[in-house]
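Asker: Kindly generate the complete structure, drawing on both the sequences and the hints.
Here is what each chain is made of, one letter per residue.
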Amino acid sequence: KQEVTQIPAALSVPEGENLVLNCSFTDSAIYNLQWFRQDPGKGLTSLLLIQSSQREQTSGRLNASLDKSSGRSTLYIAASQPGDSATYLCAVRAIYGNNRLAFGKGNQVVVIP
Amino acid sequence: ETGVTQTPRHLVMGMTNKKSLKCEQHLGHNAMYWYKQSAKKPLELMFVYSLEERVENNSVPSRFSPECPNSSHLFLHLHTLQPEDSALYLCASSPDREETQYFGPGTRLLVL
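Protein sequences appear in the order of chains B and V. Numbering (the numbering used here) for the first sequence: 1 to 113. Numbering (the numbering used here) for the second sequence: 114 to 225.
Keep in mind that the hints were calculated from the coordinates and are not lab data. All figures in this text were calculated on a predicted structure; none of them were measured in a lab. Any given hint could be a false lead.
[What the hints assert, rightly or not] So, partial list: chain V residues that the calculated Cβ filter (under 10 Å) puts toward chain B:
| hint | residue |
| --- | --- |
| 1 | 142 |
| 2 | 157 |
| 3 | 215 |
| 4 | 216 |
[Stated by the list, open to error] Short, incomplete list of chain V residues facing chain B, as computed with Cβ under 8 Å:
| hint | residue |
| --- | --- |
| 5 | 151 |
| 6 | 153 |
| 7 | 154 |
| 8 | 155 |
| 9 | 156 |
| 10 | 158 |
| 11 | 200 |
| 12 | 211 |
| 13 | 213 |
| 14 | 214 |
| 15 | 218 |
| 16 | 219 |
| 17 | 223 |
[To be verified] Not close to chain V: a few residues of chain B, all C-beta gaps over 10 Å, as computed:
| hint | residue |
| --- | --- |
| 18 | 17 |
| 19 | 27 |
| 20 | 104 |
Just so it is clear, CB atoms sit at the ideal spot from N, CA and C, and this is done for glycine as well.
Answerer: Okay, structure coming up:
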């Protein structure tokens, strides 16, 4: 069974600092990995999707890397802003098991103005 | 807005009540999903529908009953729930099962 772990569970940073969020997964037989953002009481918004053959994806201030062999992904958010305050969820789609998405518990981020 | 809507957004019900959650997608997607999100736990997949057929039931108790009358609508019928069923219930859709999922805003359910 795929296990997804996100560290740290929660963090606070001053505005302008770079954010580094970590995700690890136990089974490297993955189809892709996705990072989502969730605002309090709301649904998930997809940020970046990395296919298993890729090493990273970038969108604006966001960059996500994938090291499939070691079972790790990192989400970098450059020059954080208060609007980046949210919970960030990592999800892995396994090759086996009906292509189901396995989610981590999330990194809860607060950017302090 | 992702194109996936859910109603109601908030629901309080007693353990003997019957209620239904509704999800609607206007994206022309073929697959729809129900997830449960409890505090301090990862999202749990409950049901998957593909082309209106249930293709996955992730060991969900029978007090939760899904219905997919067409490819745009998905319901979750609730009956004799327990307080531990209180959670955020999220609906999602995707073009096909292997593609990116788009999530609705969720229904916050409280069972008293």
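Asker: State the violated hints by number, sorted upward, taking the hints as numbered earlier in the document.
Answerer: 1, 5, 11, 17, 20
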